[in-house]
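Colleague: Which chain is which? The protein sequence lines are A and B, in order.
Every letter in the first sequence is one number past the one before it in the numbering used here, and letter 185, counting from 1, is 185.
Every letter in the second sequence is one number past the one before it in the numbering used here, and letter 49, counting from 1, is 360.
It is worth saying that the hints were derived from the structure and are not from the lab.
Don't be surprised by glycine CBs; every beta carbon is placed ideally from N, CA and C.
Please note: incorrect hints may appear among the correct ones.
25 Å max Cα-Cα, derived SDA-like pairs, lysine to any residue [unchecked claim]:
1) B:Lys313 / A:Gly65
2) A:Lys128 / A:Asn90
3) B:Lys320 / A:Gly65
4) B:Lys320 / B:Val340
Per the computed footprint, the stretches of chain B lying under chain A, defined by three or more beta-carbons under 8 Å from a beta-carbon of chain A, are [stated by the list, open to error]:
5) 323-337
6) 386-392
7) 411-420
Interface residues of chain A toward chain B, partial, derived using beta-carbon atoms under 8 Å [stated by the list, open to error]:
8) Ser48
9) Asp54
10) Glu66
11) Glu70
12) Ser76
13) Ile78
14) Val81
15) Arg82
16) Gln85
17) Tyr87
18) Pro88
19) Asp89
20) Ile99
21) Phe103
22) Arg265
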Amino acid sequence: MTNAIELHNITRTFGRSTALDGVTVSIPDGSICGLLGRNGAGKTTIMSIIAGQDRPTSGRVEVLGERPFENEAVLSRISFVRDNQRYPDNYRLHHVLRIAPDFAPNWNADVANELVDGFRIPARTPIKKFSRGQLSSVAIVLGLASRAPVTLLDEPYLGLDITARAMFHDVLLRDYSERPRTVLLSTHLIEESEALFDRVVIVDQGRIRADVASDATGELAFTLSGTTDAVDELSANQPVLRVHAVTGLKSVTIEGQADDALLERAEQLGARVGVASLPDLVVAFGAGTPDSSRPTTPSISQPAAQKGVRA
Amino acid sequence: MKAIASTVKLHLNLREYTFVVPLSITGMVAAISVLISLIFMRSGSVPGSAEWIYGSQANPGILYALAGFLVYMGVASVATTFPFALSLGATRRAFVAGTLVWYAITAAYIAVILAVLAAIEVATGHWFAGFYIFDVNVLGAGDTGRLLTIVFLGVLSALTIGGVFGAAWIRFAARGPQLIAVGVVLTLAILTIVIVPEAAAVFAAFRLWWLAVAAGVVIVLAATGSWLLLRPAIVR
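This is chain A alone, in the form it adopts within the complex:
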């Protein structure tokens, strides 16, 4: 399988601040990839670099086999609307719908009209007066109706009501099945969008913490819960990502997989061992400073059985 997007050791600094620190990630052609992480983790910066709106301080980026920056041929095949997208003064919806097809060779007016109707985007209100949800709706219209081979959706759910979110899922999946493309979607609504992803990238503090097939996320970490003493004993010398404790009880998320010895000892101590869910993983990877002594980019490309982990 070829990769639509490849980032090699990308670093991006803004003055003394490091937004991206040695990011290496590949997004396979035709996949729907979730880009997950906390606010300020570097998700939008990654998308900006992929879309040629920004340039890395060092490292190499290739989209559809070419460098995107100032590359007209590549940029015409990328759609990226930022979560804080600015529009020209006095723009209304019809201005957006009139100009977008000029830049998007695969623009589909039927998809655009369906989304505009479904989201109930106001036609007469200036875009600068739109609510957060209405701005997200316009971004989704641009993102999906463009049918760009590389579609970057930056927090598309912001402010959307549940009906609108469901429609977005439906149209994305239907149109994706008709016209497969590479979709990179950043979101904080992980549980709601998890089913869309066939790949997941977790980023924190400018570093890739996980890059795996979505059905292999369970292999990245496991949870241990029980009495504080039991959990402390079981998690000793383990790469603990996150700790949650209440009086006498403790729960930890541990990177990697539980081995047979740990499972056996947990059973003896009455502790529970479970698969870390995707939201658990994002919370855990974002909970603290990554330990530089550990590998920072677990990469599992093939689905694998949940070995050695009992739910």
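Use these hints to put chain B onto chain A, whose structure you have.
Modeller: Same frame as chain A, now just chain B:
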């Protein structure tokens, strides 16, 4: 080329701003000029007299009114349109080139409109009442060729000046336009200091084409500045 054409269309997308607002501003200036003329008439001035024509043709109102709006248009054409153009997939190179083409289209449109209005004004004996709005000194005083040149270069200058301020804002936020303003003021001050001792000789030797050259220099400097500022600019 396709991206440049698309950028021109992006600017023309707000058609009312390119084609209608300059007309409405011109109309307002015309109305105000007529009102001022009526005040002079009521105070005893005689339409058609030498004093009336001299005073009326010295009115530069049309220039000032349009200049402010055009500089704003130039700023907005970059400051608010550049991020959207990049989101649509335009390259910086295509954006700058397309924006310059749009500036030229706008300048030509306004030049032709004012030339037509000036021709009508002259043909109707200054609107049948001796009102001078377009047949004024700053627009060539009835010389159509001069009017077209003045308006085209003037509009292009205003738009490119606005554009470079917008580009500076995109690149350096509020500090950008401030630095350009300080640089322009310092340059003009130094030029003035240098020229002042020879001011009388300079004024005596002055030729109108100097202004055309000055406008050309301003346009080239501002357009080059916009490109240099936007070439590495990022959207955040």
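Colleague: For every hint, state whether the structure bears it out.
Modeller: Status of the hints after comparison with the structure:
no., hint, verdict
1, B:Lys313 / A:Gly65, "holds, 22 Å"
2, A:Lys128 / A:Asn90, "holds, 7 Å"
3, B:Lys320 / A:Gly65, "violated, 29 Å"
4, B:Lys320 / B:Val340, "violated, 29 Å"
5, 323-337, "holds (count 3)"
6, 386-392, "holds (count 3)"
7, 411-420, "violated (count 0)"
8, Ser48, "holds, 7 Å"
9, Asp54, "holds, 4 Å"
10, Glu66, "violated, 13 Å"
11, Glu70, "holds, 5 Å"
12, Ser76, "holds, 5 Å"
13, Ile78, "holds, 6 Å"
14, Val81, "holds, 5 Å"
15, Arg82, "holds, 7 Å"
16, Gln85, "holds, 6 Å"
17, Tyr87, "holds, 5 Å"
18, Pro88, "holds, 5 Å"
19, Asp89, "holds, 5 Å"
20, Ile99, "holds, 5 Å"
21, Phe103, "holds, 4 Å"
22, Arg265, "violated, 50 Å"
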